[in-house]
Each structure stands twice: as structure tokens, then as C-alpha cells.
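Trainee: Quick mapping for you: the protein sequence lines, in order, are chains A and B. Numbering follows my numbering, in which position 377 of the first sequence is assigned residue number 377; successive positions increment by one, without gaps. Numbering follows my numbering, in which position 290 of the second sequence is assigned residue number 290; successive positions increment by one, without gaps.
Mixed in with the good hints there might be a few duds.
If you anchor each label on the Cβ, the simulated ranges turn out as follows [unchecked claim]: (1) B:Arg157 x A:Met334: 49 to 57 Å; (2) A:Thr319 x B:Val118: 53 to 61 Å; (3) B:Arg174 x A:Gly414: 41 to 49 Å; (4) B:Lys278 x A:Arg63: 55 to 63 Å; (5) B:Leu294 x A:Tyr341: 26 to 34 Å; (6) B:Arg163 x A:Ala277: 47 to 55 Å; (7) A:Ala277 x B:Pro250: 38 to 46 Å.
Computed list of lysine to any residue pairs in SDA-like fashion (alpha-carbon distance at most 20 Å, straight line) [unchecked claim]: (8) A:Lys144 x B:Ala93; (9) B:Lys217 x A:Phe384; (10) B:Lys94 x A:Arg139; (11) B:Lys94 x A:Phe132; (12) B:Lys182 x B:Arg138; (13) A:Lys282 x B:Thr47; (14) B:Lys217 x A:Ser385; (15) A:Lys144 x A:Ile107; (16) B:Lys94 x A:Pro192.
Derived, one-sided and incomplete: chain B residues facing chain A with beta-carbon distance under 8 Å [claimed, not checked]: (17) Leu49; (18) Leu85; (19) Ser90; (20) Gly91.
Simulated from the structure, these hints should not be mistaken for laboratory data. Ideal Cβ positions, reconstructed from N, Cα and C, are used throughout, including at glycine.
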Amino acid sequence: MYRILLCAMALAMAASARGQNVPDELEQLRQRVDHLEKQAAAKPATNAFNPDISLILQGSVARSSQNPDDYQITGFMPSSANSGGEVAPAPRGFSLGESELVISSNIDPYFRGQLVASFTPDNQLEVEEAFFQTLALGRGFTLKGGRFLSSVGYQNQIHQHAWDFQDAPLAYKAFLGGRLNDDGLQLKWLAPTELLVELGAEVGRGRNFPGSDANRNGAGLWALYGHVGGDLGESTAWRSGLSYLRASASDRGFDDHDAGGNPVTGAFSGRSALWIADAIVKWAPRGDATVTNLKLQGEYFRRSESGDLTLNSRPADYTSRQSGWYAQMVYQFMPRWRVGYRYDRLGYGSVSAGSFTSADASILLTAHNPTRGSLMMDWSPTEFSRVRVQLARDNSRAGVTDNQVLVQYIFSLGAHGAHTF
Amino acid sequence: MRTLLAALSLVALPAHAALTVLACEPEWAALVKEIGGDKVNVTSATTALQDPHRIEARPSLIARARNADLMVCTGAQLEIGWAPLLQSQSGNAKIQAGQPGYFEAAGVVSLLERPTSVDRAQGDVHPAGNPHLHLNPRNIERVAGALIERMGAIDAREAPNYRSRGEAFLKRWRDATVRWEKEGAPLKGMGVVTYHKNLTYLFAWLGMRELGTLEPKPGLPPSTAHLTGLLEQLQREPAKAVVRAAYNEPRAAEWLAERAHIPVVVLPFTVGGTDQAKDLFTLYDDSLARLLALLK
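From just these sequences and the hints, can you work out the full model?
Mentor: This is the structure in C-alpha cells:
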């Protein structure tokens, strides 16, 4: 385009400027080339109007001493009728993980949009995120709408391929069904302060645990959160927050079994309230994470639920107060190599379900405090590739220890991802 | 909606009189300071001892992006891992891409090493060209010209002040450039090895020759195999020194320098990279002095 223009101009000038001497003409042409080059350089760096597209490929080979298909977190209401697979450890043997397609772009000067579609290994297509976000409200406000990873807690808004361990902390599995990505709206405000102060509110459909998709007008889930964060000197950055999440469940189904091993169909209707306190500290010498860096992260969950329970259609009043936490440390000891340890613990707390006992619903009503220890080491040749080995000793099931070993790969193709802190 | 926003904004503090600028790198913070003087409140998101490719959008940076009237970055995808996040998370309409409050230096400079094809197998290449453009004083001059206009457009009241300060800076800068080019003339043709292709503009300006990089491919850490190959290459075509930026890790440079029997020169790379490099002028003074010391 520019070249054609340039040739045309050069011809025109040559024709009209016969009288001038040649060096002058050359100098003029040189200036024009300079000018056009500068214009060409000013073109946007990313591919013009095309959105940024990236694709995440994941897979693993795993070995576990217990069957992942009958995974359960004893003492905690399962997150949905068929969700054993959602929160279970990686399948034994070779398996493909979720392949994620991420497409994002500014829509116009006022909005940005993003889609994260996930192809599951059993050939399903899931929409993990599909949202718009405002760019131009100003004054620190951002409105987000659609389906998105909730900003409650810390790890919830981190995409699975960016997690430091292959699976979610037990508290996320027990209290949020792995992670919360509801359909709804989020309004966020940043205070005009040097310290990061971020306040947000979310309302949503409550389509997933701890809510339940019900045909109702209005919202089935709402959440409030606040985060503060900043630097401690040049080398340390931190963020800490408190979130409150409230969901209404109606006939939130789950599968349990009685003392004889016979299947029991359970359902809960009522109110679920969850508090999350989170903190993360990242350290790198002089703030340069290239060679070594350290990441400490922990979250504490406290949930209370009250309402009506049915077990095989027999009703009872149900109340529970349960808690859980995890703490993890990941250290990059040299470029490309990181090691990490995570400890998980859930507290059974108090659960009452009328006259029902663990003989009627042994997952729900067996008093058990699950624990798990996980150790990982990963190697990342570049920002786009990672191979991880992870060992875990998992006492999610009462009286049973599941020893797990897995090797996982994560590759990302396409646009350079920008990962949140 | 507007009244709601207006009401909510009362909670926020009133805007400061001065222009608040978030520079992505220290060189642009220094340039903004030259143009704006005490009329601007400028901070840099990174220091000279941090690799600008590998920064995280940490909370303190999001808070600073929230409060900025102007964000001055290099562009050309240098900050692709973090600047877009600062923009999208800041809730600040002024600094979004395409707005006057977002300025990219690469937009007014012709970049070197623009790849004809882009493939990640080549390493972390930047499709728009080499983004480390600030080590050619002619580029600083171009960026300064555009930045004077931009700052004036955002803060019209202080525009004459920016223009007069900016013109005075440009005059001193052009004089200094002539001096540096004279002082640096003996460096012409000198062959050196670098860590990353982050000194390319400096070498191109001074007519020096980059014989190789310690990184096997842009963004990949030096490997023993690559360094061994480089050592063999240096035996055929000797280099005067291994030159690295202050933020590049020292070990690979020392390994090679020791075996090739040549010195390591650490350049400040940007303002604050050495004790001497306090502003843009001393950045160039110090860089030249460190290279010229090789000839003694």
C-alpha cells in the first residue's frame, strides 16, 4: 500500500521536477521514505483487528492407590449429583486434560470481551468464561457481565492452567465445587489510593454449587469482596482479602450412600453462606523474578448452611458449620525450575440433620477432618510450556489414604498470556 | 447512570493539580521528568534491575495505574505480559489503548530487527521489532518530541510550560548527542557479545558489532551447549568484551568472559542501573565511559 503510494509519488515528482538537481530530489525522497516508515512503525503491534487467541493443551499420566471414580470428601456435602469427576483426582493412566481456547479483545473504546471455552477429555464443550467488561466507566469502576470466574478468594480467579498444583485445594473442592464461575454481573471499584483497595459485588444466577440452577426471577447467588495489597520494599508484594458469598439452593442434589453401601439420593434446599479470608505474598530479589522467587499463599473458608434436607425423599432440618484452609509455598530455585508444597485441611465442625446419622448418609454425616499434603516440582522451558511432577497423600476419604503420583504437561499456543498477580 | 457515578465519585479524592504519570520503564519516567519538571508526579513501574519482560501486574502497580492521567510505555509488546492487565484492571478510562492517556514510544520510532515471519520456535521474538529502542539518542529525541505534544494535549494549561521545558531539553540533548557521537567514534567496529538483544540500538548507533548473544534464542536462559558454541566462535572471531545490562544475571557472562579471556562490561541499560546513571544524560555518559574504558 505505502510502497505503491511511494512509487506513484516518486514518478509524479520525477515528472514535475525536471528542472531541479538530482541530489535535492533524492533528499526529498529520503525524507518521504523516513516519514512513511515512521507511519508504518506506528501501526499497532498486535494483529490489527483480530482478537488475541491462545490455546492451552494439557494432559497427564497418573497413578493412585484408590480409585478416583469413587472419590469423596467424607463429611462434606458433595457438590452435585454427578460431579464426582469435577473434583476427583486425575484419572489413572494416560489422560487428556481440558483443552482451553481463549479469545479476548477490546470490543470498542468502551468494552473488552473474553471467551474461555474448554474442550473436556470426554468430548464436551464447556463455556468456562464468556464476559464483557467495561473500559471507560472511569473513576476506578469496572462492570463485568456474563459468565466469569468470581473474584472471591484468591485462587478462584486464576485459570486452571496457571495453578501451581494440578488440582484445586480441598477447600475449593468442598465449598465451591472446584471453582465458582457463575452467570451474572460484577461491579468493582478501586479506591484512588496508593495502597490497592478493591471492593466488589457480584450477583448471579447461582447455577452451580453452592447454589443450584433454579427457574427463578432474580439472583440465586451474591457475593461481596474486598482486597487490599501493595509492596513491602522493592522485593515483596502482597495482597489480602475477605469475601462473603451467599447462595440460595433449591433441591441441590447429591449422591450419597448408607452404611450398607446402598445409594442414597440427597437434596438440600436452603441458605448457604461462605466467608473466605485470603492472603498471598510474593518475593523476588529486587523484584526481579527471573532467577529466583518465592510465593506464599493461603486461604481460610468458613461455611454455614441451614435449610431442609431430604434423603431418599425423607425430610429433615439441616444445619452445618464447617471450615477449611490450605497453605502453600512455591519456590523457584533457578530459572525454569520450581518446587512447591501445599497442605490442605478441612474441619467437619458441626452438622445436624434431624434424626439422620452416618448410617443413613455416610459421606454427609460421618465426622471426618480431611487432610492432604501435596508436593510438586515443575520445569518451564519458556513461559509457554511446563511439565510438572506431583505427589500427594490424600486423606479426603475417612479411614483411607490415597497416594497419588502424576506427571502433567501444560502448553500454550498463540497470544502471549497476561497472568493476574 | 451519570448522576450515580458522580455521586459515587464524591467518595474519591479530588484530582491533584499535577499530572500523574505512570511510566513503564525508568527511561520514560526520566524523560517525563525532563519535560514536566515539578508539574508532573511520575513513577516508574519497573526499576533498572528488573527485566521489563517479566513483570507481574502486582497490586501496587494496579493502584498506580488507577490514579494515572498518562501511562508512558515502550510498546512493541515489551510489556505484553503485564501492561494490558494494568489497563483492564485499573478502572481508569484515561489510560486505555487508543486513548490520549496511553503513549507508546515504539509508535514514533522505526524499530530495528522487524521479523519477516514470526514463530515461537524462534524464541520470544517481538513481531513489531526489537523494543529496546531507548539506547539510541536519536530515538529519545523523536520520543521526546511526541511526548511533549501528548503531555500538552492532556494537560492544556501546562502545555506552554511542557513545550518550553521540552525544547530546552531537546537543545541540550542534541548538543550532548553530537558530543557522544564524537566521543564514541573510536568504538566503531568493536565486536562484543551481549546477553539479550537489549543493547542492539546502542551498538547500531555507535557502529559496534554484536557477535552473538548468551541467550540461545531471545528470552531463553543461556545453556552450556550454546555458551560452548559461542566460545568456539569467539576463538575464530574474537570479541572485545561481554556486555550485559545491569538486570541480566551475571553468571553466564562471567563464565564466557573467563574462558574467552575478555572482560565483562556491565552497562546501566536504563536510568538507575548504575550509581552514575541518574538521568538520561548520565545514562549515556556512563554507558559510553564504560565502553571506552575497554580501549585503554
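Trainee: If a hint holds in the structure, say so; if it does not, say that too.
Mentor: Against the structure, the hints:
no.	hint	result
1	B:Arg157 x A:Met334: 49 to 57 Å	holds, 52 Å
2	A:Thr319 x B:Val118: 53 to 61 Å	holds, 59 Å
3	B:Arg174 x A:Gly414: 41 to 49 Å	holds, 43 Å
4	B:Lys278 x A:Arg63: 55 to 63 Å	holds, 58 Å
5	B:Leu294 x A:Tyr341: 26 to 34 Å	violated, 48 Å
6	B:Arg163 x A:Ala277: 47 to 55 Å	holds, 52 Å
7	A:Ala277 x B:Pro250: 38 to 46 Å	holds, 41 Å
8	A:Lys144 x B:Ala93	holds, 15 Å
9	B:Lys217 x A:Phe384	holds, 14 Å
10	B:Lys94 x A:Arg139	holds, 10 Å
11	B:Lys94 x A:Phe132	holds, 19 Å
12	B:Lys182 x B:Arg138	holds, 15 Å
13	A:Lys282 x B:Thr47	holds, 17 Å
14	B:Lys217 x A:Ser385	holds, 15 Å
15	A:Lys144 x A:Ile107	holds, 13 Å
16	B:Lys94 x A:Pro192	holds, 14 Å
17	Leu49	holds, 5 Å
18	Leu85	holds, 5 Å
19	Ser90	holds, 7 Å
20	Gly91	holds, 4 Å
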